[in-house]
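Numbering follows our numbering, in which position 162 of the sequence shown is assigned residue number 150; successive positions increment by one, without gaps.
Hints listed in this document are in silico derivations from the structure and should not be mistaken for laboratory results. Just so you know, nobody snuck in bad clues.
The calculated label-pair distances, taken between Cβ atoms and stated as ranges, are:
id, residue 1, residue 2, range
1, Gly67, Gly182, 34 to 44 Å
2, Ser31, Glu138, 35 to 45 Å
3, Asp160, Gln198, 21 to 31 Å
4, Phe68, Thr33, 18 to 28 Å
5, Thr64, Ala154, 35 to 45 Å
Everything numeric in this text was worked out from a predicted model, so none of it was measured. Glycine included, every Cβ here is placed at the ideal spot set by N, Cα and C.
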Amino acid sequence: MKKMHMLGMALLLAGFASLASAATIDFEDLSLAPDSYFRSGASTTFSSGGATFYYDAPWGDCCWSGFSYSNLGDTTTPGFLNDGSAITGGGLGGTGDIYAVANADGARLGFASPQALVGAWFTNTTYAYLAMRDGNDGNSPAFVKGPFGEGDFFTLGVHGLDADGAQLSSLDVVLANGADILDTWLYVDLSGLGVVSGLGFSFASSDMGQWSINTPAYFAMDGLTTVPLPGGLWLLGSALGMAGMLRRRRLAA
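Just need the whole structure built from these sequences, with the hints factored in.
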């Protein structure tokens, strides 16, 4: 019992020590021309802060999904031709600051090693925001239902993934609740997702079409903070978990 207590204390101290190594992905290690965002005619990846972000372009230059990065600041133009702008007009650092923008269910990112999540900042894109606030998605007639009101919602699902891409945990970020539509950077505590090897994302909306949601399925993100889990601690924690499970089985028997 004493050995297990000491081991638990060691793990706790190691966890506190690792907080000093928390890393924030702020996308400032990427470069862009002023007032632009990343586009490619082929599926690819980009890396920032030690994480890999997946960009998908199965139809070439026509369309994209997954993650891109942007410094666009257009907060007034509706429609998909302005699908790379955050409604805040820039990243956490203000106008011209680079941030991530993601499109469609299935957007994902991966870490080089298991990470304990801390938190991140989220907001709407201009495209999604104006579609919800004004019912203006740039189309005539619009595909969206009209301005959001009582009972309407738009939520982002954030999912912790293991090394094989299987979902481990999940939480929701409210991007719109009725007519209250997010137009600032919102900090979200992600620690409840636990230790993960990647993140996946999904959307839900009260504005549904025949096959999927009508609300433009986009969000913007900045300042993703994680704590790398030391390899030895990860293996030790896994071993302790297995030992505990086996002990419970023996007691049950």
